[in-house]
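Asker: Here is how the chains run, residue by residue.
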Amino acid sequence: MPSPQAIEYKCPCCGGELEFNTQTQKMKCPYCDNEFAPETLRSYDEMLNQQPADNMQWNVQPGENWNNDEIAGMSVYTCNSCGAEIVSDDPSTAATHCPYCDSPVVLSGMFSGDLRPDLVIPFKLDKDAAVNALKNHLKGKKLLPKLFKEDNHIEEVKGIYVPFWLFDAKANANMTYKATRVRTWESGGYEHKETSHFAVMRNGSIEFEAVPVDGSSKIADDLMESIEPYNLKDAVNFQTAYLSGYLANRYDVDAQQSEARANERIRKGTQDAFAKTVTGYTTVTPSGGSIQLENGRAKYALYPVWILNTKWNGENYQFAMNGQTGKFVGNLPMDKGAFWRWFVGTTVVAGGIAFAVLKLLNLI
Amino acid sequence: MKKFLSLVIIALVCITSTIPVFADNDDVTAIAENEEAIAVEENDGDDIIAEFSLLVDNADLLNDDEYNKLDNKLEEISTRLKCDVAVVTTKTLDGKSAQDYADDYFDYNGYGQGDDRDGVMLVYYITDDERYEYITTRGYGITAITDYGRELIFDEITPYIKTGASDFYKGFDKYADLCDEYITSAKNGKIIDYESSILACAGIGLGFGLIVALIVTAVLKSELKTVAMQRSATNYQKNNSLKITNQNDMFLYKEVTKTKIESSSSGGSSTHTSSSGATHGGGGRSI
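Sequence order for the protein chains is A and F. Sequential numbering of the first sequence, starting at 1, is according to our numbering. Sequential numbering of the second sequence, starting at 1, is according to our numbering.
If you are wondering where the hints come from, they were derived from the structure by calculation, not from laboratory data. This structure is a prediction, so every number in the text was calculated from the model and none was measured. Each residue gets a CB set at the ideal place from its N, CA and C atoms; glycine is no exception. One should not assume that every hint holds.
Unchecked claim - Covered stretches of chain F (chain A as the covering partner; in silico rule of three or more C-beta atoms under 8 Å from a C-beta of chain A): (1) 218-226; (2) 229-236; (3) 248-260.
Only chain A is shown next, with the shape it has when bound in the complex (with noise of 0.2 Å):
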């Protein structure tokens, strides 16, 4: 058993070596003159190293494989110019187009080869919520080009299951975090303000379900995370026969490769948690900590999303609808005379009625 050494404590404020000072029985940094008792530094030494190494592998097995008969119908289509890959099981009902970028596609096989999903959740909403749903999202927007909601390009309004990858786990985490009390006080014509500095320390669990990536490249990530949440109530085990009047993309990111976003999400997610737990101070920060998986899975899914494309003044605007919950996002065009005018008029209004205050008042 190790004999402790001669420890060497770094100051919790500044970093700096402490050294024992004989007058006050203290730890003190000779460089911000704060005062430490040994107890609480050897409490603080061990909260710190009492961590773990991280540990988020997952155990990755989703999926099972095709039976014959179900795929039987199925064919493959491939967009020339972004490659992607629609599986669709009715030639009449599928798309000429890429719902991606608007090219033609080319029926390009029979459906093989990839796992079956686990799950999938239905589509709810038909294509003229997804058009209504248009509708409201350009409602009230001030700087919106006007042209932009009279020309309603509206090309293709298309449904899609989109594949992804569904993580649950339990986490098991040590999170540190910095605190701050402050206190404020008048006395004697000064304000005085005292900061306590505290450490702190959580121990727990937590658990995720279906924590959703995106496991097609071709439909961008940050547009399927803007329509989450969904929810697994209205999942159900997977059968072809949700695929009919829908088209599907096949996966092109694996499991594997989803992982590190699952992680981050979870990462984030368990801190967030955690620090919610942490009340009754001034300002909370985290500082570190370590998180462990347990029972690690993943699932491989398909979602349901209305796409729409539309073109404006050159530019591909995409638009892209939660087809169980509604939830409608897309970036739009800003109108730069609107831009100004607002600002301009902003600035007149706003800085006139300063200059009125200030003047009638003479304030400065």
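Please build the complex by placing chain F on the supplied structure of chain A, with the hints as guidance.
Answerer: Only chain F this time, still in chain A's reference frame:
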């Protein structure tokens, strides 16, 4: 024998006739008080200026000619404006502070017209080693001569009367003119006081306007952007799955800082209470 007796009687009569004269001392004081009382009474609501002078030159800085001209000017101004404008020069402050000396001189010598004792008095203290100027105000004088106005007056008269200069007549004359100008202006509705410069107000107004405009346009612009990566997996947290098994809140250290509180005022006159209980405005400086 008869001659000696008559001498004694005459002496006795002479002696006894002096006694009533001594008794008159009280009467003399009484009369003096009455005069002062009369002087004060005449101040209340009458146009008659008090017996004392608006120009008191104890330090002997003015020649007869200058004294008369200035005295007449001060009397004319004070009568016209119904507010005493006075000048007092002195070689001693009687051990008091300049403020107390000036206030007391004003109060106990009966300066000031009307119920409120409206008046402005310049006290100029001069010795071989130092010089000090002080203006005290009372009643309407506080309103008409603000802190800002007083500083303006000082700025104009100080070059004539500061250490190294000796144009006392010019300095006091300027003081009289400025008091005339400021009190007249106040009576016409415009009090000489600090006003924010238009340029400064416009500058800050513009800055404020720009900041508000930046905020407003940023908000409107953000309405257009709805696509972004999610921050975390919070939406997928299983309900009630958060379990904290161990926690520790450890106090490390504390630091205390203190900053002086600045007090600011804008415009008007600051006032204090003098030893006689009256409210005076005023201020001064060493020159």
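Asker: All hints, please: hold or fail.
Answerer: Status of each hint after checking the structure:
Figure legend: the stretch 218-226 of chain F, annotated as covered by chain A; annotation consistent (6 residues with Cβ-Cβ distances under 8 Å, at least 3 required). Counting residues of the stretch 229-236 of chain F whose C-beta sits closer than 8 Å to any C-beta of chain A gives 8, which meets the bar of three, so the coverage hint holds. Proximity of the stretch 248-260 of chain F to chain A, defined as three or more residues with a beta carbon under 8 Å from a beta carbon of that chain, is established by the 13 residues found.
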